[in-house]
Amino acid sequence: MSELFDTLSFLTPLIIASMVPLSIVSLGGLFSERSGVINIALEGIMVMGGFVGIVLMRALSDSGLPLQLIALLGLLTGAFIGTVYAGLHAFASVTMKSNQIISATALNLFAPALSVFIARIYFGTSNINLGGNYTISEVPVLSSIPIIGPLLFTNAYLSTYLGIAIFTIAIVILYKTRLGLRIRACGENPHAADSLGVNVYKIRYIGVLISGALAGMGGVIFVLSFATRFQGTVSGFGFLALAVMIFGQWKPRGILLAAFFFATVRVIANAYTAIPVLQDFSIPTEIYSMLPYIITLVVLAFASKNSKAPAAIGEPYDAGKR
Amino acid sequence: MRTPTWVDGILDFFLESSTAVKVLASIIAIIGGLLVGLLIMLVLDPSRAFAGFGTILFGFLRNGTQSIGNMLYYAVPIILTGLSVAFAFRTGLFNIGATGQLTFGAFFAVYVGVNWTFLGAFHWPVALLAGGLAGGVWGMIPGMLKAFRNVNEVVASIMLNYVAMYFVTLMVKTTIYNQSVARAFGPAESAIIPKGFLDTLFQGSSLNYGIFVAFLVTAILHIILSKTTFGYQLKSVGFNRDASRYAGMNEKRNIILAMTIAGFVSGLAGAIMFLVPGKFLTIENSLLQEGFTGIAVSLLGLSSPIGVLIAGIFYGSLEIGGFFLQVTTSFVPELIEIIIAAIIYISALALFFQNVIYKRLKKRKDTLDEEVTS
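Taken in order, these protein sequences are the chains called A and B. Going by this note's numbering, the first residue of the first sequence is number 1, and it counts up by one from there. Going by this note's numbering, the first residue of the second sequence is number 1, and it counts up by one from there.
Hints are computed from structural coordinates only; laboratory data are not their basis. Please note that the accuracy of each hint is not assured.
[What the hints assert, rightly or not] In silico BS3-like pairs for lysine-lysine, Cα to Cα no more than 25 Å straight-line: (1) B:K362 to A:K97; (2) B:K252 to A:K97; (3) B:K22 to A:K97; (4) B:K227 to A:K97; (5) B:K195 to B:K252; (6) A:K308 to B:K359.
[As the list claims (entries may be wrong)] A few chain B residues facing chain A, derived, Cβ under 7 Å: (7) D8; (8) L44; (9) V154; (10) I158; (11) Y166; (12) T169; (13) F215; (14) I295.
The C-beta atom is built at its ideal place from N, Cα and C for all residues, glycine as well.
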């Protein structure tokens with residue numbers, strides 16, 4: 001029993017650390033896609049947001065500000081940069097009615113190249129050290145709750161709590177506000193939305209920009225949680241978030257479940273040697289790593305006939321076609 | 001009253017040929033991408049920006065035939081992935097999976113290259129073919145998913161890219177792993193693609209027979225697309241899947257074949273990249289960029305095989321420029337990737353540019369015509 005608890009208390013923080021950025025970024029994908037714009041640029045936006053956020057945090061690390069304030073500033077910077085960067089995708093796919101895959105591919109290539117380029121020129125290396133440990137060792141009061149305390153409120157990240165708050169707000173926006181209804185309408189039937197006086201272009205811009213903010217912040221969270229330095233990559237995490245979104249069938253609750261599932265698989269892939277039960281199977285780590293992608297393919301193959309993907313996704317809106 | 005001049009001739013040429021307008025749009029994309037690179041250099045180090053820009057553009061002219069040879073050497077895999085993307089695109093499919101097919105093909109090529117030394121003189125051609133076939137299999141999967149289960153080929157290919165990446169890492173570790181340096185073994189001497197007379201022609205360069213594979217594939221795909229019924233069917237499915245089915249074409253078969261061929265060509269690219277001395281498959285789990293650069297080349301080449309060939313060689317010249325950039329200035333070769341990304345982004349806006357160019361030309365022609373007739 002105590003061994004089980006040990007394993008759980010070892011795994012739970014790791015799973016949460018994976019699950020938070022995964023669900024935040026795929027929620028970002030959801031906002032864009034529910035408004036009707038495919039966003040496979042999540043990876044690039046994460047890199048861009050993560051890069052600038054980390055550079056800022058590194059610059060502030062000597063300033064004497066409290067660590068958690070620096071972390072918060074880094075996260076907000078990531079969100080801001082992500083929004084601006086996603087603006088390029090919105091411009092291409094909404095205003096210019098371009099091919100959304102091509103535009104997103106460009107953003108995915110641009111971000112790592114630019115961040116490595118700048119890092120190498122300014123820091124002389126493509127690695128940017130974080131310069132600090134941003135874990136919260138224990139949350140006052142809450143950490144002394146039995147069982148939950150050690151699992152959720154010790155050695156945690158600020159981003160975890162921020163992530164939970166953002167997730168809740170996002171669901172409220174999407175399902176309980178007029179904006180949310182309009183976003184969903186623009187992804188399903190933009191012409192109908194337009195006929196009711198909704199500015200489809202504007203709503204799609206909002207959808208893509210929200211997606212950029214979440215992915216940019218997710219980029220910073222990624223680096224804070226998994227790395228001690230930034231190397232111009234988020235290791236395919238943005239595409240994993242895309243898989244989470246598809247597996248979650250474009251719904252927040254689905255995303256939460258999918259993110260939990262994929263995060264668990266990811267943690268097992270990285271730490272299975274420390275889990276007594278799995279040690280005996282000795283399945284190579286790569287098998288675990290590719291599992292989320294294979295599962296998504298299988299889901300796509302068997303669910304594509306009644307997919308919950310937004311109906312008007314990927315089509316540039318042209319008012320003249322009504 | 002005035003008589004028509006050469007200006008009218010040029011305007012007529014562009015107005016009557018949509019290809020000419022598209023080529024113009026490609027050139028605008030290239031110029032735009034290069035300007036983004038120049039701008040970044042100007043922001044970061046104004047004093048060396050123009051020298052660096054010159055190096056990127058004309059670096060391939062340095063060191064004589066060696067640089068020309070290396071330019072072609074760098075161009076070969078990009079031409080092939082570009083052809084792969086372009087061929088699928090003509091069938092209405094976006095092959096973002098070129099990188100996965102390339103990785104998959106590269107592994108099997110190297111595997112054959114390391115182990116099947118009994119093949120003697122046939123060793124490298126067989127290894128090359130193994131790469132192509134493996135890439136073809138990997139391309140066939142999204143094709144079948146698209147044809148039978150209506151799965152979007154973009155999403156399927158993205159997932160398959162990562163599956164291929166992890167799979168190849170796993171296979172390298174379990175089959176051809178060189179423990180002491182933590183990477184794959186290089187192919188045997190007999191599996192290295194020979195340089196032959198190219199070595200004397202482009203002395204000191206790395207150019208090998210891979211360039212002829214690129215030429216051959218370009219020619220074959222050109223013939224398929226423009227001279228055969230099969231190619232006509234592929235393009236027809238690309239224009240309108242439903243209409244093609246109505247006309248009696250087997251659109252499912254065509255989609256699968258198009259993706260398989262595209263995968264085969266990307267697989268060849270992977271084989272050619274790694275059947276050379278001094279290049280090794282790693283276990284770093286990162287996607288190979290060449291598959292994505294192929295998208296840029298395919299866009300610039302207007303998805304036509306010959307256009308891709310030209311655009312690929314242009315890319316090779318940039319790559320050489322990037323090499324000299326690092327040698328002579330404080331800039332690093334990542335600038336080339338930035339330029340490529342900017343070119344892709346501007347190409348995405350190409351349709352808009354084409355319309356603008358067309359309208360401008362038309363307006364100018366109309367005012368000229370009025371002068372002629374009045």
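(message) Going through the numbered hints above, which ones does this structure break? Give me the numbers in ascending order.
(response) 2, 4, 5, 6, 7 and 13
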